[in-house]
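S.K.: This is what each chain is made of:
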Amino acid sequence: MLILKVAHSILTKLSTNKKRYLPAGQAGKVQVTSDKNMAVGRKHLLLAACGLFLIFSVLGMSPRPQPKVHIKKLPSSRYQLIVDGKPFVIKGVCYSPVAVGETSSYDWWSDPNKPWLVDGKLMKEMGVNTIRIYESHENIEEVKTVIRDMYEKFGIRTIIGNWLGFWQYPCPFYGDKSFEDKIKQEILDMVKALKDEPGVLMWVLGNENNYSCLGQVNAWSTPEIDKEVNPQKQKEMRSKIYYSFVNDISKAIHAIDLDHPVALGNGELIGLDQANKYCQDVDLVACIIYRGRTFGNLFNSLKATFDKPVYLSEFGADAYDAYLDKEDQNMQAFFLESQWRLIYQNLASNKNGTGNCIGGTSFEWNDEWWKHEEGNPSGWKEHDIISNWSNGSYYFDIKAKDNKNMNEEWFGIVALSQELKDGVNKRVPRKAYYLIKEFWKNPELNKSKKDGKSK
Amino acid sequence: MTKSKIQDKSKIQNPKPNILIFVICALSLFCYLCFDICHSQAAERNLADFTKQVMGSQDCAQARGYLEEIKDVYFKENQYSECADFIKSLIAKKPELSVCANYYISLSRFNQLKYLEQTQSWDEYFAKGNDYRNDITESAQKVLESTMAKDELNVRTRFILWRFHCSQQDAFSQQALTELMSGVQEYSKGNVDLSLIKEIAGQLQAADEKIKARQLYKVYADNLVISNISDDELINAAQEFRKEGNLELAEAIYDIYIERISKTLPSGQVAAILSGIAESFGFAYSYGHSLSADPVYAEKIFQKMDGLGAGMDLDEELLYQRAYNLEKSKEFSGAKDRYSELLSRFPEGVYANEARFKVAVINAYVLRDRKTAKELFVMLSENGSTGAFQIASLYQLGILSQWEEDMEQAKKYFEKLVELAKTDFLQTLGMARLRLSEIDNEKSMEYNLKVFLDASFKEENSNLNMNKVDLAVKPVSAPLNSAVEIGSTAFAEQSGCMQVQMDYLWSGDLGSGSASSKDPNFSTQFNEPGTKIVSVVVMTPTGIIDRGICLIDIK
Chain A
1 MLILKVAHSI LTKLSTNKKR YLPAGQAGKV QVTSDKNMAV GRKHLLLAAC
51 GLFLIFSVLG MSPRPQPKVH IKKLPSSRYQ LIVDGKPFVI KGVCYSPVAV
101 GETSSYDWWS DPNKPWLVDG KLMKEMGVNT IRIYESHENI EEVKTVIRDM
151 YEKFGIRTII GNWLGFWQYP CPFYGDKSFE DKIKQEILDM VKALKDEPGV
201 LMWVLGNENN YSCLGQVNAW STPEIDKEVN PQKQKEMRSK IYYSFVNDIS
251 KAIHAIDLDH PVALGNGELI GLDQANKYCQ DVDLVACIIY RGRTFGNLFN
301 SLKATFDKPV YLSEFGADAY DAYLDKEDQN MQAFFLESQW RLIYQNLASN
351 KNGTGNCIGG TSFEWNDEWW KHEEGNPSGW KEHDIISNWS NGSYYFDIKA
401 KDNKNMNEEW FGIVALSQEL KDGVNKRVPR KAYYLIKEFW KNPELNKSKK
451 DGKSK
Chain B
456 MTKSKIQDKS KIQNPKPNIL IFVICALSLF CYLCFDICHS QAAERNLADF
506 TKQVMGSQDC AQARGYLEEI KDVYFKENQY SECADFIKSL IAKKPELSVC
556 ANYYISLSRF NQLKYLEQTQ SWDEYFAKGN DYRNDITESA QKVLESTMAK
606 DELNVRTRFI LWRFHCSQQD AFSQQALTEL MSGVQEYSKG NVDLSLIKEI
656 AGQLQAADEK IKARQLYKVY ADNLVISNIS DDELINAAQE FRKEGNLELA
706 EAIYDIYIER ISKTLPSGQV AAILSGIAES FGFAYSYGHS LSADPVYAEK
756 IFQKMDGLGA GMDLDEELLY QRAYNLEKSK EFSGAKDRYS ELLSRFPEGV
806 YANEARFKVA VINAYVLRDR KTAKELFVML SENGSTGAFQ IASLYQLGIL
856 SQWEEDMEQA KKYFEKLVEL AKTDFLQTLG MARLRLSEID NEKSMEYNLK
906 VFLDASFKEE NSNLNMNKVD LAVKPVSAPL NSAVEIGSTA FAEQSGCMQV
956 QMDYLWSGDL GSGSASSKDP NFSTQFNEPG TKIVSVVVMT PTGIIDRGIC
1006 LIDIK
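So the protein sequences, as listed, match chains A and B. Take 1 as the starting number for the first sequence in this note's numbering and just add one per residue. Take 456 as the starting number for the second sequence in this note's numbering and just add one per residue.
Please note that a few of the clues may not be correct.
Claimed, not checked - Computed list of lysine to any residue pairs in SDA-like fashion (alpha-carbon distance at most 20 Å, straight line):
1. B/Lys597 x A/Asn352
2. B/Lys905 x B/Gln758
3. A/Lys303 x B/Gln630
If you're looking for bench data, these hints aren't it; they were derived computationally from the structure. All figures in this text were calculated on a predicted structure; none of them were measured in a lab.
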């Protein structure tokens, strides 16, 4: 391909040179003859180029193949994820197998009982092809083991994220050169160490960090921002700093790893107008979204604000009815099935959707019992039923006290039991597990009116 | 005698009540069964009759009425699936009716899905949901392919499709809405069933598609006018819709009515009619007649009067209502202008003190003009009467001076208040004594009040313009010692799963209720008359979101 390109550029050069020497007034006439000569010359050159290409191919000097994982842009801003040359739909789950009685700092990577082997088997049976891990681990060999086990034993690929220092104490200092350099280096070290693992699917930078640009969660500032009195301008300044930082890391990753796309983790579509200005070097958006049974106008809005493919990196529903105070697996299954239907409606393969979605990883594989009152270790052994936040889009139990209906400890499509099996909390798949399994086997989508014509 | 024997004997001695209960139960059961059988038989008979009529129909137009009856029989019992299956069986026997039958299949499946979700009948929902969804879209498609956009069945089918996609919140809902709107426009050019347009507009309104709903109400109203309806009938129709609570439609008809009379009646007469309409949409009239108020529409009519040059002719009562409407709908700047006009035109009028007090409050806390506010409060405090507005003005002067750290002046105002209030204004008196104690003990002002005043007057808080916090009061005007509900809504930035902890710093006239900083709502009562000022500052750990105030009239 490279040789053909070179040949073509020589030809173009030749043709422009010829034209330049034509006497004025004869250009049109002579051009015909000249074109004929050019066509013959071009033929010869092309033949020579093909010959050269064959020779180089035989000698093993073929041009660089397509990246293992890349995004293919189709007409009308439709996108497809291509893995090993084939279209790939991310059918995934967010994965954080924290054992009952442990908390977020639990080092499951070094658990000798290898919980991922139990989960991988169940995931494979369900049809999961991807897990999303929020952040790598300091012991990179353990990370490699998990990625390899999941890929080699179950055919499951891994999306690896990085928090970009969002949960470090004190708040993240985006805009502070030394802080940014430190984070960037951490990420590049991780990419270097893991990029050759066949199970790696892509990198995700950040999660809901963009909310910090609005100044109400994990707020951060710089002396320049502090000087600005207009709050709207302050937000724009923070967004510019943050998205430029992500862009900078993305470029650096691309420089060392051509085989995996880089995603911008983003809460909702907040700030993507700014990302459009400052973060064009990411390949896609990994969107975190909790809008009940649907994603609303997300796919169309994204197309209008930041024309990149989207992968739904977090969505889902809890399995606890905070109003009736009881587990409700049906409610969770109802929301998840609807959400997956929407994802499929907007894949590039469905001509009626927006075509910019490449899949999703629902939140989450297993329940996490530590989430309510993280600071209270006795609570880590309790499956708390106290809701942490309110979201009216999950309407079945919105009438719960103070409208708090989202139960963080109940988002798993697999419940955990205190009972151990081979040293791992027993996994109990919920109804959503079976329903999504069936959906993935035969994704039935109700047809739109576009399929037919009205008079 | 053992206990058991005594019990046995008592059973034998009193057999009658048991028998009576048994007989009553048996009779009830018998009656119920008879009724049920009769009811079922009647339904079956009806169904058989309707089916016969359908089978005898030549075309869809003839069969529609009977199919509608069949649908009603099934829908009444929530038997949507049975309805769809039954109608499918009819198509098999009489394919020429397939167009209208497909409409009923689509409608039945749509209602069935809704019913399954409402009753949380998940087994059927999960097992058959996809089939039902396909039935809805496929049957609807067949109808659309066989009908014209101007046909009623076509519009009804588009209506089903929009509701379906809207309920699924899927990628096609916007397209379905566009097609529904264009369908209705096309349909409205012909022989129109107005109730269908009204129903669609109502559903759009309920789905928060307000602009689209308004467009269809306009279509409805235009069609009413085309039907040569008289002015009186038009106004009656508007009033009926108003009573139904359908303000949008009532206003659309009033608009057409006003347009019509503007062309035919002299401007003086038009102005008189307009003032009546404006008054009827205001708070005072609406509350008195248990109707929903629309102060924004009332103001729109007042502005039409201004256009006719009749604005200056408003009498004291109507001018007060205009200002009052604006104030209660938080159009504070407009309210200030109207209250000021009221003061200049009726300086000795019944509303003068209230108007002056409200102009002062708006100047202080909305427009940040403390100087003008203080001048007006001083005027009120020195007007010689010991009324609610004089007492309240003294309190306001006191807190403004205290905030400005002019403690001597603040103390004078509070002491004068204590002297004048005696036992008539206990709640304000209590607050004044607290402020006095703060001054005497050299303590800082109550925290919440201080934060509110800082937020209102400090230069660095000039961006806090009350557009991110909304205070709602119910009712806006209340009798003494009656319940008043106050609620605040803060429009915070999105934060995803990370919940932002909000604190509500309530201050001002809080009455006898207790407002918690963790609660956006509270309930209270006031035991003294006057205009009460409730204020709030909503805070997050990273700073103030915004502030808000509301005025409550206690009479």
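S.K.: Now look at each hint and say whether the structure bears it out.
M.R.: Results of checking the hints against the structure:
| no. | hint | verdict |
| --- | --- | --- |
| 1 | B/Lys597 x A/Asn352 | holds, 19 Å |
| 2 | B/Lys905 x B/Gln758 | violated, 39 Å |
| 3 | A/Lys303 x B/Gln630 | holds, 17 Å |
The structure fails hint 2 only (numbered hints given earlier).
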